[in-house]
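Participant: Sequence:
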Amino acid sequence: MILLAVLLTLLMPPALLAVAGWRAGARRDAVAMRSSPWDWNAVAISSLLYALAFNLTFFIQELFLVVPKALTPGLRPTLFHNNHRWLGENDLASLFQGTGALATALVGLVCLVVLRAGSPRPGAWRLFVIWMAYCGLLMALPQVVIGAMSPASDVGMAMTWLGLSSATKRIAALLALVAIAAVALALLRPALELAHADGVATARARTRFIAQTIALPMLIGTALVIPFRVPREMIEVVLLPVLVGLPGALWMLAGAWRVRDVHGAGVRLGSFVLPLLAAVVLLLVFQLLLRPGVAFY
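Heads up: the sequence shown at position 25 corresponds to 25 in the working numbering, and the numbers run straight through without jumps.
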């Protein structure tokens with residue numbers, strides 16, 4: 001049932017919404033506008049910012065999986081670049097397997113509230129906050145769905161500790177699926193406000209801008225995430241970034257045409273050099289400092 005709900009929520013509704021948008025664009029875009037060239041500098045910057053946001057969010061998740069265990073008698077946790085582990089036994093360890101997803105959800109929620117309040121000003125920092133909201137919430141919500149299906153997963157272990165019934169887990173999974181769509185659609189307006197006026201003038205222009213600024217950078221950024229996560233089984237290296245990135249991008253692409261009365265600020269994002277340097281520094285931290293393991297005992 002949950003697998004069917006996943007397919008119906010993540011694939012069919014965005015596809016139907018996209019078709020409706022294509023038809024609406026064909027009817028309403030009375031004046032054909034010549035497409036401007038893609039801003040590949042913006043694609044590069046957004047891709048790097050996505051990789052930064054994803055890896056910082058993953059670090060927050062693992063840190064808040066480790067810290068509660070470090071404060072629990074009998075547990076000796078170690079933080080790595082792509083995971084954590086612990087020695088010892090305590091019944092609370094299973095509950096604390098859910099604190100990482102809770103932490104990323106809170107970070108994402110704070111970033112979303114900040115964006116909806118109009119801060120920061122349009123530019124690269126605003127795009128970074130968009131990606132932090134995206135990764136924070138969309139890294140946590142799929143784990144609720146997975147937890148409802150797999151008691152051995154992190155959130156699944158927490159659900160078992162809390163004594164949630166099968167029905168409660170199914171309800172939580174369905175609510176999480178709805179929330180994934182809601183988060184993606186809520187991020188559309190802040191993202192579109194980064195565009196120039198002609199980038200939001202028509203339904204097709206808005207879809208094109210989201211493809212350039214969100215969808216394609218998400219795909220490139222997902223590839224950039226891989227060096228931060230190796231060495232590990234490839235399914236673990238690739239699966240989480242795909243689960244985090246793909247559903248939200250599909251919903252944003254499908255729903256961009258519906259966002260009207262958006263005022264594009266048209267602020268240039270600047271150079272990709274600073275995001276590139278930040279990504280290289282973070283990669284070195286992951287591979288040189290965190291990969292050997294940092295003991296929290």
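Everything labelled a hint here was simulated from the structure, so no lab data went into it.
Cβ coordinates follow ideal geometry from the N, Cα and C atoms, glycine included.
Treat the hints with care, as some may be off.
Claimed, not checked - Have a look at the derived ranges for each label pair, beta carbon to beta carbon:
| # | residue 1 | residue 2 | range |
| --- | --- | --- | --- |
| 1 | Val267 | Leu63 | 39 to 47 Å |
| 2 | Leu106 | Gly293 | 50 to 58 Å |
| 3 | Trp40 | Ser119 | 22 to 30 Å |
| 4 | Ala197 | Ala278 | 26 to 34 Å |
| 5 | Asn90 | Gly266 | 15 to 23 Å |
| 6 | Gly123 | Leu87 | 31 to 39 Å |
| 7 | Trp40 | Glu233 | 31 to 39 Å |
| 8 | Ile171 | Pro227 | 23 to 31 Å |
| 9 | Arg76 | Val178 | 36 to 44 Å |
| 10 | Leu276 | Ala201 | 46 to 54 Å |
Participant: Check the structure against each numbered hint from earlier and tell me which ones fail, lowest number first.
Facilitator: 1, 2, 5, 6, 8 and 10
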